[in-house]
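Engineer: Given the coordinates of chain W, work out where chain H should sit on it, guided by the hints.
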Amino acid sequence: MTDVRGAQLDALVDRLSSGSDPIEFDGLRAAATEDGYALSTPEGDEHDTLSESELRAAAGDDDVAPYVTNWYYWEEVVGRRGRHRRAFLRHAEAANEHSVPERYAALEDGMHTEWGEVVVTATLGDDGERRYEIRHADDRDADPETLDRYDDPLDARELATYDDRGRYRPLKTAPSLVSGWVFEDLDGRDAVETLDVLYPASVANWNLEREGELDVTHWRETAERQTGIYDVVDELPREAVEWVSEACCVDSQCLKRREWQYEDGDDLAADGGAGAFPCREPCSLVVAAARKWTKLEEEGTHTYEFELTPSEKEQIEAIIDAVADGRVDEIREADVYEGANRYRTRYLRAKRFDDEGNLSGTPTHRDAE
Amino acid sequence: MQALVIVAHGSHLNPDSSAPTHRHADTIRATGAFDEVKTGFWKEEPSLREVLRTVESDEVYVVPLFISEGYFTEQVIPRELRLSGWDVSEWESDGLSADTATLTAEDTGQTIHYCGPVGTHEAMTDVLVRRAETVTGDPDVGEGFGLAVVGHGTERNENSAKAIEYHAERVREMDRFDEVQALYMDEEPEVDDVTDYFESEDVVVVPLFIADGFHTQEDIPEDMGLTDDYRTGYDVPAEVDGHRIWYAGAVGTEGLMADVILERAADAGAAIESAIAAVREATREAGATSETDADGETPAAGD
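Line by line, the protein sequences give chains W and H.
So in the numbering used here, the last spot in the first sequence is 1431, and the numbers never skip.
So in the numbering used here, the last spot in the second sequence is 374, and the numbers never skip.
Extracted from the complex, chain W is given alone in its bound form (with noise of 0.2 Å):
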C-alpha cells in the first residue's frame, strides 16, 4: 500500500498551479484547466473538473497514489539535474520498461542490477521513495546483520583500496572487491555516489554509451597523446597491443568491457568481457605498463639452448601459468603433482640453474659467454 504524504500532494498542487505544462509522466497525466484539475492514470481513472481537495484525495486512491508518489519521487527528489544518476537510478528498476503498478510490486520484494562485482537493490517506502542496499555479489543471500554496515559512500573508499590479502588495488575494476559489507539504507545520491566510488566513472560512462554519446578513444590516439617518459607508447607494434589487451583487459583481470581498438576500424582480437560498464580507453595501468613493453619489443630475439626433460618444460609452462592466471597461493604445499608448486619449482632452480642463476647454465648475454 502506497501512501501519498501531505508534502507530495502540496508538490503536484504547487505544480500544477504554477502554470507550467502539464504533468505527463510515467502514465500519470495532469493538468489545471479552466474547469478545475484534470487527472489520469492508465489504470481507468480519469478526472477532469476535479477542485483542490478532490485533486487531493483524487491522487490519493488506492490506483492512482503510486503514479502520484512515483512521478514526485522522479520529478521532485531526484530531479533532472544528475542526468547520469538519474539514468541509472531509473535501470535499476527498469523504469523504461515496466508501469508503476508493476515496478511497485517488483520493489517491494526489491529490484536487483549487478554492477561489477556489486549488487543494487532498489525497494520502494510506504511514500514511493526509493531505498538503495549495495552489497558484494557474494553476499548476495547473506544475513546484513553479519556484514559490516555502512551508510556513507566515502567509507566505500577504504573497501576498494584493498583486496582480501591487504594489497592495494591500482585498479578499482579488478575483480578483486572484498566482501563482507552493506551499504543497507542508501538514497538514490549516495547510491550513485557510492558506485561512483567503487567504480569512478562507471555510471558516467555507462549512461553515455545507452545514449550514444560515449566518446570512445582508441590505442593509436591515446598513444599518440602520451608525452614525457610514456612518449615511446606509440612505437608499440600492433601486434604487441593485442598482447597488451589480452594480459591486462579481459574479464578475469579488469570488470570494465573493453570498447576501445587498436583504431576506429581496426579491431583487437582479444575478448573486450562482457561488463555492465564500458571502458572507453586504455588506463593509465595500460599505459604504464605499454611503456615497459614498449622497452622490451625493442629487444631482439636470440637463439638459446637448454638442456630440459620433456617434464621440465612443461613444468615451466605451468609456472607461468600459475602466475598468470594468479594460481600460486591456490597450490597446496605439498601437492608435487603441480608443476608449479613451490617445492617441485625449488628442485628445478636447484637442478638447472647455475650460481649466477642462468637456466642451465646458459648466460643471457652472449658476451658473457
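Derived by calculation from the structure, the hints in this document are not laboratory data.
Hints may contain errors.
Short derived list, chain W residues pointing at chain H, Cβ under 10 Å [claimed, not checked]:
hint: 1; residue: 1145
hint: 2; residue: 1147
hint: 3; residue: 1421
Now the in silico label distances, taken between C-beta atoms and shown as ranges [what the hints assert, rightly or not]:
hint: 4; chain 1: H; residue 1: 165; chain 2: W; residue 2: 1274; range: 42 to 48 Å
hint: 5; chain 1: H; residue 1: 245; chain 2: W; residue 2: 1338; range: 53 to 59 Å
hint: 6; chain 1: W; residue 1: 1387; chain 2: H; residue 2: 344; range: 54 to 60 Å
hint: 7; chain 1: H; residue 1: 285; chain 2: W; residue 2: 1336; range: 35 to 41 Å
Glycine included, C-beta positions come from ideal geometry on N, C-alpha and C.
Structural biologist: Below, chain H without anything else, positioned relative to chain W:
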C-alpha cells in the same frame, strides 16, 4: 551549482600517495562550501580524463595538488581534462604566480576555473609553519628553533626550487624562527648536511612534498642520518650531530592544506570565505583539543 575538483598525481603502487588528497577533500566537503567535491588522478581513478563527467555542476574549480608549476600543471592536466584552447600563457606566470584561467571542458561543456598549484600559493607558507607546530606539539614554536624547507631541487623542474626559496623567504620574513634554510635532495645546499646549516639546537625539517612516499619516508630520513634503515623508523626529535631534528614528513599531509586548496578556488572567484575560516580552525592540531605526542617513536609523517 559549483563544484571543486582536486587533481593529484596518485600512484599505482602506494595508497599513501592519494590519502592526503582524499582527506583534504573530506575536510572541504564537510564545510558545505561546494555542491560537490571530487578528486581526480593521473595514476588512479577517476582519471583526469574522466573526473569531470562525475561532476554534475556546470561550474567547476579545478585545483592541482602539486608543489610547483611545470609539466603536470602546464601540460598533462589541461590536456587530460580536455581544457579547450589551453595555453600556458593564460596564467601569465613567472613560475610562481599562476592563479587561474577560465576555460571550457571539451567533452562535458563545463566551465572550468583552472587554478595554479597549491604549492606556490602564499598560504602554503602558513601550512609549513602549521606543520612545524604539529610536529613539535607547540603552537608557538619558533624561538630557539631553526626551520628547514626541503625540496627536490632543480634536476626535475626548475620551478620546484623557486617554490622552496619563495616559502623559505616568507617564513624568514615572519621573524618567527631563529633561522630558516632551503635545502634540496639533489643539489646544494643538500639536506644530507642539514646540521651544517643551522646553529640552533632544534631544527624542524619540513619537506615541501604533497604526499609521503619514497623520498620523504626513505631517502630524506636516511640522508639526514635520522636512521640507518627507514624500516626501523626514527625518533621525533632525533639526535644528529648535537642537534635535535624534528622531521615533519610531507607538508601535504598537514590538515591545513585544505585551506590552500580553498584559497586557490577563492582566488578563482568561488564565494567560500566562511569555509576558509572554518577550515583554518578545524585543521589545527597543536595546542588544540588533541595533544600531539611530540616524543613518540612514530614519526608524524604520513598521518
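Engineer: So, for every hint listed, does it hold in this structure?
Structural biologist: Evaluation of the provided hints:
Hint status for residue 1145(W) relative to chain H: holds, with the closest Cβ pair at about 8 Å, below 10 Å. Taking 10 Å as the C-beta contact cut-off toward chain H, the hint placing residue 1147(W) at the interface holds, the least distance being around 7 Å. Look at residue 1421(W): its Cβ only gets to about 29 Å from chain H, farther than 10 Å, so that hint breaks. At roughly 46 Å, the beta carbons of residue 165(H) and residue 1274(W) sit within the given window of 42 to 48 Å.
At about 55 Å, the CB distance of residue 245(H) to residue 1338(W) agrees with the hint of 53 to 59 Å. Separated by about 56 Å at the C-beta atoms, residue 1387(W) and residue 344(H) satisfy the suggested range of 54 to 60 Å. The hint said 35 to 41 Å for the Cβ distance between residue 285(H) and residue 1336(W), and at roughly 39 Å that hint holds.
Violated hint: 3 only; the structure is consistent with all others.
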